[in-house]
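Enquirer: Sequence:
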Amino acid sequence: KAARVLIRFPARFRGQYKVKQLCLTSAFPFGFLRAARRVDCNQHYLVYPKPQGDPRLPTDRARASHTRPQAELGEGDDFAGVRTYVPGESQRHIDWKAVARGQPLMTKQYTTEATSMLYLDFTSTPGMDTEARLAQLALWIIEAERARRSYGLRLPGTDIAPSLGQVQFHRCLRALALFK
27 KAARVLIRFP ARFRGQYKVK QLCLTSAFPF GFLRAARRVD CNQHYLVYPK
77 PQGDPRLPTD RARASHTRPQ AELGEGDDFA GVRTYVPGES QRHIDWKAVA
127 RGQPLMTKQY TTEATSMLYL DFTSTPGMDT EARLAQLALW IIEAERARRS
177 YGLRLPGTDI APSLGQVQFH RCLRALALFK
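Heads up, the sequence shown is in the numbering used here, so the first residue is 27 and it goes up one at a time.
Calculated from the structure, these hints are not laboratory results.
It is possible that some hints are incorrect.
Claimed, not checked - Here are the simulated PhoX-like cross-link-like pairs (lysine-lysine), alpha carbons at most 25 angstroms apart as the crow flies: (1) Lys206 with Lys46; (2) Lys206 with Lys44; (3) Lys44 with Lys76.
Stated by the list, open to error - Here are the computed distance ranges between Cβ atoms for each label pair: (4) Lys206 with Gly57: 18 to 24 angstroms; (5) Val193 with Leu59: 27 to 33 angstroms; (6) Arg200 with Asp66: 23 to 29 angstroms; (7) Ala61 with Gly183: 33 to 39 angstroms; (8) Lys27 with Ser116: 32 to 38 angstroms.
Values in this document were obtained by computation on a predicted structure and should not be read as measured data.
For glycine and all other residues, C-beta sits at the position ideal for the given N, C-alpha and C.
Please model the entire structure based on the sequences and the hints provided.
Expert: Here it is in structure tokens:
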């Protein structure tokens, strides 16, 4: 019988790790009997930076410097069409009427002006060391997602376009975790 187990343990540093083997132990009942077994697992896990810093979003200095329609974001006021649903996106914008007609999952798109988008930029946190900058960016990502604000991320060598939702959230935190 297969079982799925969630194991939590503290990590000292952000980044990607590999667990090759686990030692499972049990003391049942009341510690009278002990059993142990080593299990090969070959699993990878990712540690995101610990979110720390000022929770206020840097709206003034991180706004996009231009205005353009943002139909690809699925946010806004004016309906612009539909596109294929990407797993992890907000279900709020799924075209449920099309699903009821037997069509595949589609996301409704809307247009808005780019002035409400945030670009969270590594260089907008001067005077901090690298880990403090990444911790601040992680906190801003969480706050932007909580506020339902479209956000993008700029790191040296990486530029993630503005979007919103679980896919964007994990894409940005993954970039922070793997930043060298």
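Enquirer: Give a verdict on every hint.
Expert: To see whether the hints hold, each was checked on the structure:
1. Lys206 with Lys46: Roughly 24 angstroms separates the two Cα atoms, so the pair holds.
2. Lys206 with Lys44: holds, 18 angstroms
3. Lys44 with Lys76: holds, 19 angstroms
4. Lys206 with Gly57: 18 to 24 angstroms: violated, 46 angstroms
5. Val193 with Leu59: 27 to 33 angstroms: Between valine 193 and leucine 59, where Cβ atoms are some 46 angstroms apart, the hint is violated.
6. Arg200 with Asp66: 23 to 29 angstroms: holds, 26 angstroms
7. Ala61 with Gly183: 33 to 39 angstroms: violated, 49 angstroms
8. Lys27 with Ser116: 32 to 38 angstroms: Given a distance of about 35 angstroms, which is inside 32 to 38 angstroms, the answer is holds.
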